[in-house]
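Enquirer: Now for the letters of each chain:
2 protein chains.
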Amino acid sequence: MATGLEGKRQNKHDVNGTQRKHPLTVDGILLDRPLNDPKGGEQFVQDAFQVILDEAIRKGTDVDEQVCEWKEPDELRALLDLDLVDAGEPSEKLLERCRDVIRYSVKTIHPRFYNQLFAGLDHHSLVGRYITETLNTSQYTYEIAPVFVLMEEVVLKKLCELIGWKNCDGLFCPGGSMSNMYAMNVARYKLFPEIKKRGLWELPRMAVFTSKESHYSVTKGAAFQGLGTDSVYMVKADERGRMIPKELEEQISIAKSKGAVPFLVNATSGTTVFGAFDPLPEIADICEKQGIWLHVDAAWGGSALLSKKHRHLLTGIERYLVNEIKERPGFRLLMEPQFVNVCFWYIPPSLQGKEDTPDFQKNLGKVAPFIKEQMVKQGTVMVGYQPHGNNVNFFRQVLVSPRVSLDDLDFFMNEIQRLGSDFQPQ
Amino acid sequence: MATGLEGKRQNKHDVNGTQRKHPLTVDGILLDRPLNDPKGGEQFVQDAFQVILDEAIRKGTDVDEQVCEWKEPDELRALLDLDLVDAGEPSEKLLERCRDVIRYSVKTIHPRFYNQLFAGLDHHSLVGRYITETLNTSQYTYEIAPVFVLMEEVVLKKLCELIGWKNCDGLFCPGGSMSNMYAMNVARYKLFPEIKKRGLWELPRMAVFTSKESHYSVTKGAAFQGLGTDSVYMVKADERGRMIPKELEEQISIAKSKGAVPFLVNATSGTTVFGAFDPLPEIADICEKQGIWLHVDAAWGGSALLSKKHRHLLTGIERYLVNEIKERPGFRLLMEPQFVNVCFWYIPPSLQGKEDTPDFQKNLGKVAPFIKEQMVKQGTVMVGYQPHGNNVNFFRQVLVSPRVSLDDLDFFMNEIQRLGSDFQPQ
Numbered sequence: 043m044a045t046g047l048e049g050k051r052q053n054k055h056d057v058n059g060t061q062r063k064h065p066l067t068v069d070g071i072l073l074d075r076p077l078n079d080p081k082g083g084e085q086f087v088q089d090a091f092q093v094i095l096d097e098a099i100r101k102g103t104d105v106d107e108q109v110c111e112w113k114e115p116d117e118l119r120a121l122l123d124l125d126l127v128d129a130g131e132p133s134e135k136l137l138e139r140c141r142d143v144i145r146y147s148v149k150t151i152h153p154r155f156y157n158q159l160f161a162g163l164d165h166h167s168l169v170g171r172y173i174t175e176t177l178n179t180s181q182y183t184y185e186i187a188p189v190f191v192l193m194e195e196v197v198l199k200k201l202c203e204l205i206g207w208k209n210c211d212g213l214f215c216p217g218g219s220m221s222n223m224y225a226m227n228v229a230r231y232k233l234f235p236e237i238k239k240r241g242l243w244e245l246p247r248m249a250v251f252t253s254k255e256s257h258y259s260v261t262k263g264a265a266f267q268g269l270g271t272d273s274v275y276m277v278k279a280d281e282r283g284r285m286i287p288k289e290l291e292e293q294i295s296i297a298k299s300k301g302a303v304p305f306l307v308n309a310t311s312g313t314t315v316f317g318a319f320d321p322l323p324e325i326a327d328i329c330e331k332q333g334i335w336l337h338v339d340a341a342w343g344g345s346a347l348l349s350k351k352h353r354h355l356l357t358g359i360e361r362y363l364v365n366e367i368k369e370r371p372g373f374r375l376l377m378e379p380q381f382v383n384v385c386f387w388y389i390p391p392s393l394q395g396k397e398d399t400p401d402f403q404k405n406l407g408k409v410a411p412f413i414k415e416q417m418v419k420q421g422t423v424m425v426g427y428q429p430h431g432n433n434v435n436f437f438r439q440v441l442v443s444p445r446v447s448l449d450d451l452d453f454f455m456n457e458i459q460r461l462g463s464d465f466q467p468q
Numbered sequence: 043m044a045t046g047l048e049g050k051r052q053n054k055h056d057v058n059g060t061q062r063k064h065p066l067t068v069d070g071i072l073l074d075r076p077l078n079d080p081k082g083g084e085q086f087v088q089d090a091f092q093v094i095l096d097e098a099i100r101k102g103t104d105v106d107e108q109v110c111e112w113k114e115p116d117e118l119r120a121l122l123d124l125d126l127v128d129a130g131e132p133s134e135k136l137l138e139r140c141r142d143v144i145r146y147s148v149k150t151i152h153p154r155f156y157n158q159l160f161a162g163l164d165h166h167s168l169v170g171r172y173i174t175e176t177l178n179t180s181q182y183t184y185e186i187a188p189v190f191v192l193m194e195e196v197v198l199k200k201l202c203e204l205i206g207w208k209n210c211d212g213l214f215c216p217g218g219s220m221s222n223m224y225a226m227n228v229a230r231y232k233l234f235p236e237i238k239k240r241g242l243w244e245l246p247r248m249a250v251f252t253s254k255e256s257h258y259s260v261t262k263g264a265a266f267q268g269l270g271t272d273s274v275y276m277v278k279a280d281e282r283g284r285m286i287p288k289e290l291e292e293q294i295s296i297a298k299s300k301g302a303v304p305f306l307v308n309a310t311s312g313t314t315v316f317g318a319f320d321p322l323p324e325i326a327d328i329c330e331k332q333g334i335w336l337h338v339d340a341a342w343g344g345s346a347l348l349s350k351k352h353r354h355l356l357t358g359i360e361r362y363l364v365n366e367i368k369e370r371p372g373f374r375l376l377m378e379p380q381f382v383n384v385c386f387w388y389i390p391p392s393l394q395g396k397e398d399t400p401d402f403q404k405n406l407g408k409v410a411p412f413i414k415e416q417m418v419k420q421g422t423v424m425v426g427y428q429p430h431g432n433n434v435n436f437f438r439q440v441l442v443s444p445r446v447s448l449d450d451l452d453f454f455m456n457e458i459q460r461l462g463s464d465f466q467p468q
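Quick note, the sequences are listed as chains L and E, same order.
Taking my numbering, the leading residue of the first sequence gets 43, the next gets one more, and so forth.
Taking my numbering, the leading residue of the second sequence gets 43, the next gets one more, and so forth.
Derived from the structure by calculation, the hints contain no laboratory data.
Hints may be right or wrong, so weigh each one.
The list cannot tell twin chains apart, which means a pair is met if one copy fits it or any two copies do.
Below are the PhoX-like pairs computed for lysine-lysine, each with C-alpha atoms no more than 25 Å apart in a straight line [as the list claims (entries may be wrong)]: (1) K288 / K300; (2) K408 / K81; (3) K408 / K113; (4) K300 / K135; (5) K300 / K331; (6) K232 / K262.
Please model the entire structure based on the sequences and the hints provided.
Expert: In structure tokens form, the structure reads like this:
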């Protein structure tokens with residue numbers, strides 16, 4: 043660009059032709075050149091990238107490597123030697139530290155990691171994240187983020203299309219909790235715009251409705267936004283974790299009878315534990331009739347919008363697990379899954395046939411922690427467990443990574459059998 | 043690890059010795075192997091990393107390259123071809139897209155980028171961010187983030203040491219706005235614990251105090267947390283942007299006289315525009331006497347805690363700019379800077395000597411936008427400007443990158459002179 047070059051040419055010349063009048067050092071540091079060394083820095087980035095590629099990306103996705111290498115906190119603290127010191131360290135030492143950070147971290151990208159609501163590795167999106175980190179900009183204006191502002195526009199438009207809305211707009215939020223809080227804030231502002239200036243004091247009490255299975259951020263948001271957790275009316279869910287519309291109507295009546303103004307229903311598409319989808323059409327009808335803002339928390343299940351054509355990628359492989367669970371001795375499904383959360387118990391040989399004994403449930407509740415502890419220490423697989431309502435501890439396996447094969451699922455079930463074989467009731 | 047290997051050996055064997063009973067395909071997709079290709083993915087990451095290293099890291103920090111390559115939105119939209127399509131694209135095309143994303147993005151790591159409260163590139167921290175992105179975990183438990191949980195512990199301990207506190211704890215927050223909101227939430231909970239359950243309704247009105255120069259997130263937080271912006275009492279600042287303790291006392295009296303309960307003073311260490319530091323000892327005395335929670339927003343100036351020994355790295359180079367501004371014809375400093383924000387006007391030749399004419403201020407206010415527009419279009423330098431109170435548009439140069447040399451600052455001032463030379467008052 044001619045104009046750019048024009049600027050460049052002036053680089054070495056002072057337009058006034060004057061010599062620099064002030065000293066060029068502070069505390070012995072010469073300031074007429076940059077303070078750090080870009081060539082050394084670039085070499086470090088290049089070497090560290092090779093470590094990341096070998097140790098995290100390759101080994102982290104290799105089924106013959108461990109999901110995690112468990113160390114007790116004190117042992118790990120000593121191994122890592124994290125104390126912050128004033129002096130720098132040579133690159134080789136820093137690369138060794140990078141290797142250690144990766145080695146002792148959990149490999150969430152491993153095909154046998156089913157522990158959280160995220161898993162797997164998409165190499166392309168990882169590159170996108172590297173680019174974003176390198177460019178290190180904020181997204182607030184076109185001036186400072188021209189490419190990303192246009193990208194945001196395109197992605198929001200596509201999401202609106204997928205939902206099927208003609209006139210719609212959106213906002214990317216820093217996570218599901220914040221999205222639910224934004225919804226709460228927008229809904230109450232719509233009802234009482236004076237809230238922004240005057241606060242809640244002069245307004246009537248307000249009520250928000252959400253199912254017992256919904257995310258805890260709804261309650262947290264009510265506390266954080268000054269409404270108080272008492273303003274949250276918990277609606278009962280059916281046996282598969284879906285909000286019961288009749289119960290919603292019931293709770294709305296109760297809130298009104300207490301003088302509270304209903305202002306928000308939070309429906310969930312994909313609950314945390316069961317992956318349940320609340321019945322949106324029925325809930326929407328109730329909200330429309332009553333004039334209540336409907337918010338859908340689709341932080342987990344929203345990806346189903348993308349799966350019309352490629353539904354099998356999302357909900358294929360957990361079918362073939364579900365069938366295995368039904369047929370393998372000792373495995374018992376908690377419920378038919380609606381999404382990629384598969385919840386089940388494993389009944390070890392020492393408890394099989396004792397389903398009717400009085401201590402069975404108490405002992406069954408100890409099986410998942412027993413298996414999980416060994417699993418993590420051996421690093422072969424990672425999966426979460428929890429109790430829920432009257433159900434004692436069960437495994438919740440989350441299947442989202444396209445790297446998971448049927449072999450991995452066989453291995454997973456075999457591991458549970460292997461590790462559970464020693465379980466003895468007390 | 044023996045136990046790990048034990049698990050691995052079972053990989054290919056079914057403990058029951060049974061054959062798989064269920065079909066292995068869904069919609070023609072074979073599920074007994076992973077659905078994506080790790081070798082191809084790894085190659086893409088490797089190739090893309092080379093693009094990032096060459097185009098973003100090397101060119102982005104090279105003074106002979108542009109800070110930005112300006113395109114109007116429509117032109118850029120056409121160049122980038124961002125429409126989302128169903129079909130995939132070959133790696134070579136994707137790498138070309140990576141190159142384009144980098145090319146048309148602003149290089150915030152460039153030594154001549156002074157536009158925001160961030161700049162520069164630390165190669166080591168960039169590697170840290172690549173590792174974090176690759177490992178892709180949450181930080182909530184030791185189980186899922188053993189290394190990072192221990193790191194957090196060490197860094198918090200060090201920060202407490204730097205502040206000089208013996209018994210202290212901390213929390214990493216997703217940005218300055220959220221930190222200010224957390225402070226507000228904690229302070230009101232300390233005063234009225236019942237707020238969490240019952241909300242604000244039964245409580246007296248509350249008051250928060252902050253200076254006019256403080257970040258807008260204090261007001262935003264008051265609205266978001268149900269207090270309302272009326273609950274925020276703005277305290278006057280002196281001519282250099284520091285909260286005036288006497289004015290704070292005055293505002294506390296006013297709030298009390300209106301029946302509001304003072305619960306939080308937000309002091310700022312490093313204001314957004316001037317980089318001013320509120321007088322903490324005096325403010326702390328007032329808070330202690332009145333029993334009000336003191337929060338310090340040190341999102342910008344907190345780094346000064348690190349600079350006892352290396353103060354020159356933070357506040358050295360902007361001294362030499364300040365002296366140049368004082369001596370170069372046409373440059374006029376708004377105030378002596380307290381931090382690394384240097385605020386000044388440039389008076390172009392067409393306005394020099396006309397300081398006492400009635401239209402001078404109006405015309406001066408048009409200079410910074412005139413220069414900035416050309417600057418961005420030519421991509422040689424980026425710096426922010428704004429009006430503030432009675433001061434018409436001035437430049438705010440932020441000097442945080444150790445890559446900035448005196449040559450860069452000479453270039454910066456020459457550019458302002460060059461681009462301002464054509465300015466004509468209207």
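Enquirer: All the hints need checking, so say for each whether the structure fits it.
Expert: Hints, one by one, checked against the model:
1. K288 / K300: Intra 19 Å, inter 46 Å, cutoff 25 Å: intra-copy only.
2. K408 / K81: neither (56 Å within a copy, 41 Å between copies)
3. K408 / K113: within (23 Å within a copy, 63 Å between copies)
4. K300 / K135: neither (65 Å within a copy, 62 Å between copies)
5. K300 / K331: within (20 Å within a copy, 41 Å between copies)
6. K232 / K262: For K232 and K262, the Cα distance is within 25 Å both inside one copy (21 Å) and across copies (17 Å).
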